[in-house]
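Protein chains: 2
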Amino acid sequence: MGGDNAPSEIIRGAVLAANESKTIRIILVGKKDIVEDELRSLSFPEGSIEIKDAPDVIETAEAPVLAIRKKKESSMVVALNMVKHGEADAFVSAGSSGAILVGGQVIIGKARGVKRAPLAPLIPTAKGACLLIDCGANVDARAEHLAQFARMGSIYMENAVGVRNPKVAIVNIGAEKEKGNALVKEAYPLLETLAGINFIGNIEARDIPSGLADVVVCEAFVGNVILKLYEGVGATLLGELKNAFMSGARSKLGAMMAKPALKDTLKKFDASSYGGAPLLGLKSLVVKAHGSSTAKEIKNSILQCETFARQDINSKILEAFSEEDMVSMDKVSSDNVLSENEG
Amino acid sequence: MGGDNAPSEIIRGAVLAANESKTIRIILVGKKDIVEDELRSLSFPEGSIEIKDAPDVIETAEAPVLAIRKKKESSMVVALNMVKHGEADAFVSAGSSGAILVGGQVIIGKARGVKRAPLAPLIPTAKGACLLIDCGANVDARAEHLAQFARMGSIYMENAVGVRNPKVAIVNIGAEKEKGNALVKEAYPLLETLAGINFIGNIEARDIPSGLADVVVCEAFVGNVILKLYEGVGATLLGELKNAFMSGARSKLGAMMAKPALKDTLKKFDASSYGGAPLLGLKSLVVKAHGSSTAKEIKNSILQCETFARQDINSKILEAFSEEDMVSMDKVSSDNVLSENEG
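For the protein sequence lines, the chains are A and B, in the order given.
In this text, residue positions in the first sequence follow my numbering: the first is 1, and each later residue adds one.
In this text, residue positions in the second sequence follow my numbering: the first is 1, and each later residue adds one.
Because the hints were derived from the structure by calculation, they are not lab data.
Take these hints with a grain of salt, some might be off.
Since copy identity is lost for identical chains, a pair holds within one copy or between any two.
[What the hints assert, rightly or not] Simulated crosslink set (SDA-like; lysine to any residue; CA at most 20 Å straight-line):
| no. | residue 1 | residue 2 |
| --- | --- | --- |
| 1 | Lys179 | Val65 |
| 2 | Lys127 | Lys242 |
| 3 | Lys52 | Glu240 |
| 4 | Lys71 | Ile108 |
| 5 | Lys84 | Ser315 |
| 6 | Lys179 | Ala111 |
| 7 | Lys185 | Arg142 |
| 8 | Lys263 | Ala235 |
| 9 | Lys127 | Glu240 |
| 10 | Lys179 | Asn314 |
| 11 | Lys296 | Tyr274 |
| 12 | Lys179 | Glu73 |
| 13 | Lys185 | Asn198 |
| 14 | Lys179 | Ala61 |
| 15 | Lys177 | Glu240 |
| 16 | Lys242 | Lys259 |
Work out the full structure: start from the sequences and follow the hints.
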């Protein structure tokens, strides 16, 4: 029931996924009568989609912690509890980010050894996609959190996306090792000595779109700024170019001629083809799809869960976090649950 | 002598400025014989350009504090000292950012009441330009610094750029007042009650390119990320579009037809037309031009100093900072000089 285009696009996305995968089983959690109505006109393999009734809805404007605590019958809380109790393997939602982040950590819970669960979307670059980790789950992170993000991100890129020995970099304001704010200066040496990652050093924001790194590590406030500015600059620039193309007969004709070639480029930079952002480091998989997701992005978000499960990424994260090299990070006391206003 | 294209583009930029302004007087500080050689083939109004010899050069890789302290005969130190002693009104450089920021604060010094001197470039938006403040002068800022940035930025946009009652916003990860990290949550109420600014609340990074605010306040690390990502996304996207246009005969022809219309759009997003970034809040004006500046950007950076002086912006900042509403901020102890590794 969450997201700008819910429930219609969510349901259509689920139907697309069911038709494409053949093996996946999808449980649509939401207001039963509405979901049933929408499903009626759509076709999908028998038994691939079922409905679980959840009469309540968490709105984007609600305070996440309060909403998760009070709305026990919301689609989000019901679905997260199903995952918690093993009735489902993964949770996908285009609803309130805050509620997903809080709900994932409170209801499903973090995996053993994981200090913080980072939200890690894939963003398009000239060379494919890179994982931006963390992007909004926890502001004011500490250096040891960033080191964990680097490790989790590496495992994800290697296993879910198939990038061998992914290049890991930390976002900084200069390429030199000594640059940065207090957090980055503290995190750099941790990353340098961390086993199991291919650390290539600092990355300046200007080098992210060209695809210099496969895993881009940063604190959530910075990650959120990067993610949203990426969208904003792209949208504004493309909007202005479109206006330019439409400004006269000559440019319109030119645009028509160049269209097939342009389409491929724009497709490359279309974030929706990557599905949603996983909230890594939980006991089960939680995927946050973009609030404005269309059926296509929902489909990709759902199919992404199959890869995640098939590659058994959670076990790989658990394994990595029980290795000796990560033990030193375990000294830090466990974080409190997110405060009301975070995310 | 600083910048990727020094000294040639710097000298050409000075000559362009001298020819355009007619009233400005420019002192080129650098290796005398080299500068003389370059100037010989160029024409400019008599007496508009003179040369001051400075045999040393500060390299980008040098540690800023050390370089400023040791290289007394570098073009940067000599020029900053000329400004300090009233032999010049403003300093423009495309050299090492770190050295400019340190040199500006150490040699010229901060204006009375100013806690930190922010670097504030203009960035292109769909509606014109907005001032991004702070962008690299001081990492790990405090809330009261951000409030001062908001005030200085407002004065600059109103007087130097001519935007009446500029809209001031603070970069945050959500539009709601309660969102953010510790710094932003502390700064928000300060900005809300600050006299003399038109505070419109939080701005999410995605809304910066559309031109929602005229003055975008943020801590320097975040500002630096925004500035560089802006460049990076734009450059990558335009590069990919260009490749698409060039990919076949049909798209090439289309591009040719659309070119005049596209040119205007690209011009709008061309940061070089805005000149350099002022380092605000010093006793005199310091302008940091982009390291890759061409003659055109240098020209604009120099001419921008004339506006700054004509509008007497420094006096306006001084005046604002002696008003009662800013006095409360004065309680905070003075900052130390930037550490070696900052900027």
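Self-check item: Structure versus earlier hints, numbers of those that do not hold, lowest first
Solution: 3, 6, 10, 12, 15
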